[in-house]
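**Student:** Sequence:
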Amino acid sequence: MTDVKIFLETDEQTIAIGQTLAKYIHPPLTLYLTGELGAGKTTLSRGLIQALGHQGAVKSPTYTLVEPYELENVEIYHFDLYRLADPEELEFMGIRDYFSDKSLCIVEWPDRGFGLLPEADLHLHLVYAGTGRELSIQAGSAAGRAVIENLSE
1 MTDVKIFLET DEQTIAIGQT LAKYIHPPLT LYLTGELGAG KTTLSRGLIQ
51 ALGHQGAVKS PTYTLVEPYE LENVEIYHFD LYRLADPEEL EFMGIRDYFS
101 DKSLCIVEWP DRGFGLLPEA DLHLHLVYAG TGRELSIQAG SAAGRAVIEN
151 LSE
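If you read the sequence shown in UniProt numbering, its first letter stands for residue 1, the second for the next number, and so on.
Hints may contain errors.
Below, simulated DMTMM-like cross-link-like pairs (lysine to aspartate or glutamate); rule was C-alpha separation at most 20 Å, straight line [to be verified]:
(1) K102 to E153
(2) K23 to D111
(3) K5 to E149
(4) K59 to E12
(5) K23 to E149
Estimated spans, in silico, between C-beta atoms of each pair [said to hold, decoys possible]:
(6) G130 to T64: 21 to 27 Å
(7) K23 to G115: 31 to 37 Å
(8) G130 to T62: 36 to 42 Å
(9) P118 to G38: 33 to 39 Å
Just so you know, these hints were derived from the structure itself, not from any lab. Even for Gly, the Cβ is constructed at its ideal location relative to N, Cα and C.
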């Protein structure tokens with residue numbers, strides 16, 4: 001696995017890394033976002049989703065489990081599985097239908113859907129580091145490695 005570490009001092013930098021990722025992400029792609037509550041997963045998602053063309057607000061889908069964003073060139077599905085009681089609930093919502101050749105799936109708390117989610121192309125992990133955050137990015141596929149290589153240039 002390829003691994004990149006980036007220190008993010010502010011929410012603005014967290015949004016900016018999402019905007020930068022948007023330049024290199026092309027469907028189909030599955031992105032896992034992990035880290036403690038409040039670590040910046042939704043903030044990073046906001047930067048990414050808005051940079052891909054969504055004009056409105058980006059809220060955490062904590063209660064709805066998934067928030068769809070249908071844009072001109074990509075279907076984005078932003079999942080937050082924090083409140084998922086049992087991975088089997090994902091079967092009832094037709095989880096497999098979201099992962100298509102035209103979709104970018106951003107999954108917060110992917111461990112809650114273990115066994116029912118495809119492997120991540122990119123795994124982004126945020127941890128508290130002093131007053132900021134440290135972001136680790138790991139590639140789990142050739143598509144993920146291509147994103148990281150572009151980021152590193």
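**Student:** Could you tell me which of the hints above the structure violates, numbers in ascending order?
**Tutor:** As far as the earlier hints go, 1, 2, 6, 8 and 9 are violated by this structure, in ascending order.
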